[in-house]
Amino acid sequence: MTATIEPEVGKSRRRKEDERLITGRTRWTDNITLPGLLHMAVLRSPFAHAKIVSIDTSAAKSAPGVIAVYTAKDLDPDGSIGMPCAWPITPDMKAPRRPVLASDTVNFAGEGVAVVVARSSAEAHDALEEIDVEYDELPVVLDMEAAIADGAPLVHEDLGTNTSAVWKFDSAEAGTGGNVEDAISSSEVVLKRRFRQQRLVPAFMEPRACVVDPTSTQITMWSATQVPHILRVMSALTLGIPEHKLRVIAPDVGGGFGGKIGVLPEEMMSLLVARKLGKPVKWNETRSETMLAAHHGRDQIQDITISATRDGQVTGLKVELLANLGAYNGLVGPGVPILGAFMFNAIYKIPAYHFACTNVYTTTTLTDAYRGAGRPEATFAIERIMDELAVELGLDPLELREKNWIKHEEFPFTTVCGLTYDSGNYEAATEKAKQLFDYDGLRAEQERRRASKDKVQLGIGISTFTEMCGLAPSRVLGSLDYGAGGWEYASIRMLPTGKVEVTTGASAHGQGHETAWSQIVADQLGVAFEDVEILHGDTQSSHKGMDTYGSRSLVVGGIAVIKAAEKVIAKAKPIAAHLLECAEDDLEFAGGKFTVRGTDTATTMGDVALAVFAAHNLPDGVEPSLDSDATFDPENFSFPHGTHLCAAEVDTETGRIKLRSYVCVDDVGVAVNPLIVEGQVHGGLAQGIAQALFEGTEHDESGTLTTGTFADYLLPSAADLPSFTTDRTETPSTTNPLGAKGVGEAGTIASTPAVVNAAIDAVRHFGVDDIEMPLTPMRVWHAIQHGTTDAGGPGRGEAGGGLGSIDATGGAQ
Amino acid sequence: MIPAPFDYVRPSTVDEAVQALASAGEDAKVLAGGQSLLPVLRMRLAAPTTLIDLGRVAELRGVREDGDTLVIGAMTTHYDVQRDALVAAHAALLKEATDTVADPQIRHRGTLGGAIAHADPAGDLLAPVLALDASLVVAGPSGRRTVPAADFFRDLFTTALAADELLVEIRIPKHTGWRAHYEKFNRVAQAWSMVAVAVTVRTEAGVIEEARVALTNMGSTPVRASGVEAALVGVQASADSIAAAASHAAEGTNPPVDSNADVEYRRHLAQVLTGRAIAAAAGA
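Chains as they are written, first to last, in the working numbering: chain A, -19 to 793; chain B, 117 to 400.
Keep in mind the hints are simulated off the structure, nothing from the lab.
Everything numeric in this text was worked out from a predicted model, so none of it was measured.
One should not assume that every hint holds.
Simulated restraints on C-beta separations [unchecked claim]:
hint : chain 1 : residue 1 : chain 2 : residue 2 : range
1    : A       : Glu168    : B       : Gln221    : 38 to 44 Å
2    : A       : Arg5      : B       : Pro264    : 50 to 56 Å
3    : A       : Val33     : B       : Asp249    : 56 to 62 Å
4    : A       : His766    : B       : Gly183    : 51 to 57 Å
5    : A       : Pro222    : B       : Ala163    : 42 to 48 Å
We put the CB at the ideal spot given by N, CA and C, even for glycine.
Construct the entire structure; sequences and hints are all you get.
See below:
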């Protein structure tokens, strides 16, 4: 070890966890086997809404290998267990009980009605077919607007309404900006549009699974979850299991994207069944069950009104949302659209803002977090309508954005929502992106293709996004009625041989925390990257944590690691001084060494660790331990931003969209590992582009999911995506000592509007100003043939003069 | 998911297979690669009592010549078809179409005979077999018989195969030197064809002497585009002549409707893709 050691932070290291993840030589929940393990399979409702008249389990009970068959009456005879919701967004939010198994009524197709426990998974699944359930169908509630209309059939009869809650923010009332109605009625240009965020499936690679072992004084639950710590608390609260009698382990988890943020009925079922039988049980699901029963994402109708001066100064923004919760409140589902509330204003200086969201129950699978959670929806709406406004005003869409965005020198900047963006440089990211993209060259080619009536038209789509991530300052979460804090925990154990064990409350499920955290610790303590082991996902080793979601792990959890390391050094320093027989003030610490200032006399962190282990020669009153922990609660979110530019070719004969190039310049502050950053961006782009072009659930009129397999629900592969050009600018965050910003969701948040804007730009001269997502070739072709209103889209509300996009009434009424 | 229980038989000759099929009765299914059958079993959309696996019937694999005819064993994998020199020389259209089938893993397991007997109208190998005027040799308890491709495909997933018969050979008249193109349209690389067009032509000095055209997923069976074929004969391939011929593509079709394509769009696609397939095949 030398003093001039190359910093680890900033190195594009390949991930240390990849070998075991890629080869599968690791522990996933489903390959955990225990002595006497029993297997569960869940019978699910084929109906979206029905009364359960009777359930006959007698034949299933005598099927081969079957140990038990349970219904709601067996597992929850009092009907008192309800799945938790941690985000009551308003005091009067409705809270229908979501049972572990449906007892009287099923409220979405896929809801569990019975569970079989058998010696093998195959026998459990065979026995499902022997259960006879008599249903009495009820009217389904699928469409959000129909659901909130007078006289609509109700999902939950006893609530008397399908409206769960209405959440509002108004800048005039909050004192953070002007009155939006005044802005709209006094502005020269008012544009009103409706956008639809289709429902998506968070298609993680590993289906959900859990194993519960009750054969000890402490029950152990393994789960393919993003949130082992939250799961432990929520299991304790939901089932009354004393928290200290439950250990939760998230072993290696194959992706989540928010889709594994929930606390599942199946997890509670596993705990109940295991305790009832006194035997370990395993539940795992098929992909078909994932599609049907795991929570979905997005699903909003967005009515957006923007006002501006004729020369392009945005004066107001009004957002009215309908958000589909599905049949019940998910763990954080009701709050997902609220996470978007603060992001519709994006990077722009909008003087007046109003947001209102109505959360609606329907007889569909519940919705909850999916990569970006609220922020992709917001970013889509603002970036789409900025393009429409540019057309209306006859401005280049980049020019309109530049007129309105927060200038570099204006940071820190407090937005119309009251958030303070600490740093950013939209000019730099945009300039770099334009050059990489050849913006001017592509615009010229677009002109040529239009002029020559080329069958392949070219469009350019822009998304200059920002997002709030690194969830989150606990006080802010409290002010939003979120049920928990947003801190994160880490501890560092100095081992006698100088190796280091780090525990983190973040719970990696593909992100690469082990690599990034090792790099951070290596720099902080001056130890080798290889000498650091990261422990996570087990409430016994990393006993405290808030887990992984919302791009929070690095900017909250990573900072906790730094704080813990600082404490280790502070504890080591007096011991080092004692060993070197000098004053503490004469010591400096760098590159893993305590050196007496101005001399060659030094001792390493490893030496100190060994001395502490022996404890033979420590200063008086010093405890023989360097181990330290820290809990970090950020003061602010982090605000990554970037400029994404997409060039799309539209084959006007077939409607097929081909992405010709995709350039993104992201500013995620300081990158701990640029390779991981790039991987996150690539994956995020794929998912965001997939929303624009490929993915979307569909239900038939009876509420049956007709996109229940990957043959119908189309995920793109590498073959369907362009080669991305990714680059970065680096404007450090000022709210954490690393200067880092979150990157887990950026690509997904940014890319969807860039792609749709590009496609619309390519065919706008055919009279097209919107196409509903996903932009299938058929929708695009119909749009070209017949104009927007036949494109399967929800249309633009009231049409006015001009290009048809001006709402002459001002939109205020 | 886990399929319902079934008996499993693995014969090693065609005779054994025919016998196994006869004794297994109505609810038997033939496993010829399993790329379509296994998902159906796993989702329990089908629950056959017996599965007869042809994977070890060596005589059903491989490509050979028989005079003017190319003979392809029913259990020849897509991967082997793609790489077979005889297929490339005498049935280029089949190679072109096979190249577009799914992904490498599937092409190593799936078989030509399996795909034909499955008769999924969105499958990519039916139209080329129809366009190439193939004959399908089937074996049953009373011996072998030959069915022209035009008579083989009866309906959605329904063929001329009787319950006790096996498809054993695909006999294709040699189309030596014919140029070919399979124009496939789907939403993502691994998805089924929404519409696809198989074209093979014999040209002399830029003039199309003969043309064979068939459509994928424009009806409950593959559809021969006779109007297009007739319009191409004796024509110099040019943008105009191709467009004129392609305008006949949707004639007599009865396309399915799904969320990816309605009737109007499918008919339109058939014409556009036919034009492109002809242009690619004829080199115009």
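Outcome of the hint check:
{"no.": "1", "hint": "A:Glu168 <-> B:Gln221: 38 to 44 Å", "verdict": "violated, 60 Å"}
{"no.": "2", "hint": "A:Arg5 <-> B:Pro264: 50 to 56 Å", "verdict": "holds, 53 Å"}
{"no.": "3", "hint": "A:Val33 <-> B:Asp249: 56 to 62 Å", "verdict": "holds, 58 Å"}
{"no.": "4", "hint": "A:His766 <-> B:Gly183: 51 to 57 Å", "verdict": "holds, 54 Å"}
{"no.": "5", "hint": "A:Pro222 <-> B:Ala163: 42 to 48 Å", "verdict": "holds, 46 Å"}
This entry does not satisfy hint 1, going by the numbered hints stated previously; all others are met.
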